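Engineer: Quick note on numbering: the sequence shown equals residues 9 to 153 in my numbering.
Bear in mind the hints are in silico, worked out from the structure with no lab data behind them.
Any given hint could turn out to be false.
With beta-carbon atoms standing in for the labels, derived distance ranges [said to hold, decoys possible]:
(1) GLY61 to HIS20: 17 to 25 Å
(2) ASN27 to ARG103: 18 to 26 Å
(3) GLY66 to PRO107: 19 to 27 Å
(4) ASP95 to GLY61: 23 to 31 Å
Just so you know, these numbers come straight off a predicted model, no measurement behind them.
All C-beta atoms, glycine included, are put in the ideal place defined by N, C-alpha and C.
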Amino acid sequence: MSDKPIPGLTPHTIAALLNAADGLAGQVRAKLLHSPRPVFLHYLEQSFLALRGQLELGQAPRPGTPAEQLCLHLLLTEAGRRGRSLDTDLIRIHRALLPDHGYEELADAARNSTGTVDFIALGDALSPAGMSMFFTSPDPGNRAA
Numbered sequence: 009m010s011d012k013p014i015p016g017l018t019p020h021t022i023a024a025l026l027n028a029a030d031g032l033a034g035q036v037r038a039k040l041l042h043s044p045r046p047v048f049l050h051y052l053e054q055s056f057l058a059l060r061g062q063l064e065l066g067q068a069p070r071p072g073t074p075a076e077q078l079c080l081h082l083l084l085t086e087a088g089r090r091g092r093s094l095d096t097d098l099i100r101i102h103r104a105l106l107p108d109h110g111y112e113e114l115a116d117a118a119r120n121s122t123g124t125v126d127f128i129a130l131g132d133a134l135s136p137a138g139m140s141m142f143f144t145s146p147d148p149g150n151r152a153a
């Protein structure tokens, strides 16, 4: 992973992303016990918290799995929704950390008619094999032992 500075990753945007991470992880946690997919939601919450942990340490939130890519996209979207003055910084961060847009179809599948994220629908959109790959690093050197 690169230690190159990320344009737009300022203390102000880090605070906004931490706030968004807390909110989204809390939404997932609230659904966890009443969901047909509690294990999926647990791992999704852990993905939000992993990104939050990187931010809290002052590091760029570099996603290591497709789940973390989607979660970072959702963090950036939520932070933008909460504070319009951060839009340009959030766009810069988005371009630097998520250049391939491989998560967009899932993000669309997870959005409901009100524009909020339906985490249950997200789990329903993934096949069992897709769900397994969702939480696995595509980089063999980045996998846990």
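Engineer: With reference to the structure, classify each hint as holding or not holding.
Structural biologist: Each hint, compared with the structure:
Take GLY61 and HIS20: their Cβ atoms lie about 19 Å apart, and the range 17 to 25 Å holds. Distance hint for ASN27 and ARG103: a CB-CB separation of about 21 Å, consistent with the stated range 18 to 26 Å. The hinted range of 19 to 27 Å is satisfied by GLY66 and PRO107, whose Cβ atoms lie roughly 22 Å apart. For the pair ASP95 and GLY61, the supplied restraint of 23 to 31 Å holds, since their beta-carbon distance comes to about 25 Å.
Hint violations for this structure: none, all hints satisfied.
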